[in-house]
Amino acid sequence: MNMLDKMKKLIKYYEEVLEMPHRTEVARELRDQDDMFLLLLYSEMIGIPNPVYYYTLELYPHIIEDFHDWHLRMGMDKSPLTGIRCC
Numbered sequence: 126m127n128m129l130d131k132m133k134k135l136i137k138y139y140e141e142v143l144e145m146p147h148r149t150e151v152a153r154e155l156r157d158q159d160d161m162f163l164l165l166l167y168s169e170m171i172g173i174p175n176p177v178y179y180y181t182l183e184l185y186p187h188i189i190e191d192f193h194d195w196h197l198r199m200g201m202d203k204s205p206l207t208g209i210r211c212c
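Under the working numbering, the sequence shown has 187 at position 62, and the numbering climbs by one with no breaks.
Hints are computed from structural coordinates only; laboratory data are not their basis. One thing to keep in mind: the hints can contain errors.
[Unchecked claim] Quick list of simulated restraints, FRET-style, between CB atoms:
no. : residue 1 : residue 2 : range
1   : V177      : M128      : 48 to 56 Å
2   : V177      : R198      : 19 to 27 Å
3   : I173      : D202      : 42 to 50 Å
4   : T149      : D202      : 22 to 30 Å
5   : Y138      : S204      : 44 to 52 Å
6   : I189      : Q158      : 17 to 25 Å
7   : Y180      : D130      : 21 to 29 Å
8   : P174      : E154      : 47 to 55 Å
9   : T181      : A152      : 19 to 27 Å
10  : L197      : K134      : 36 to 44 Å
11  : M201      : K137      : 35 to 43 Å
12  : V177      : S204      : 18 to 26 Å
13  : E169      : L135      : 34 to 42 Å
Model, not experiment: these values are computed from the prediction. Positions of the beta carbon are idealized from the N, C-alpha and C atoms, including for glycine.
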C-alpha cells in the first residue's frame, strides 16, 4: 500500500468520524423533505389547491410505493385517498 492510498484511507476515516453524530439529523431532514414533497404532490387529492397539479401527475407511478409509509408517518391509519388503496 503506497502513501497515497494510506492518505485516502485516513481522510475517508476522518470524514466518517465527523459525520457520525449527524447521520440521524441528516436522515431526519431528508425524511422531512420527502414528506413535504409528497404532501405537495397529493395536496390536490386532499383538498389543498395545487397550481402545478397537471405536471405532478407524471410522478404518481414513481411515488405510489412510498405513499403507504408517508400516510402512516402523517398519522393517518388508512389511506385518505379513495383512488389509492395501499392498506
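Status of the hints after comparison with the structure:
| no. | hint | verdict |
| --- | --- | --- |
| 1 | V177 - M128: 48 to 56 Å | 53 Å, holds |
| 2 | V177 - R198: 19 to 27 Å | 23 Å, holds |
| 3 | I173 - D202: 42 to 50 Å | 20 Å, violated |
| 4 | T149 - D202: 22 to 30 Å | 26 Å, holds |
| 5 | Y138 - S204: 44 to 52 Å | 45 Å, holds |
| 6 | I189 - Q158: 17 to 25 Å | 19 Å, holds |
| 7 | Y180 - D130: 21 to 29 Å | 48 Å, violated |
| 8 | P174 - E154: 47 to 55 Å | 27 Å, violated |
| 9 | T181 - A152: 19 to 27 Å | 25 Å, holds |
| 10 | L197 - K134: 36 to 44 Å | 41 Å, holds |
| 11 | M201 - K137: 35 to 43 Å | 42 Å, holds |
| 12 | V177 - S204: 18 to 26 Å | 23 Å, holds |
| 13 | E169 - L135: 34 to 42 Å | 52 Å, violated |
Violated hints, listed in ascending order, are 3, 7, 8, 13; each of the other numbered hints is respected by the structure.
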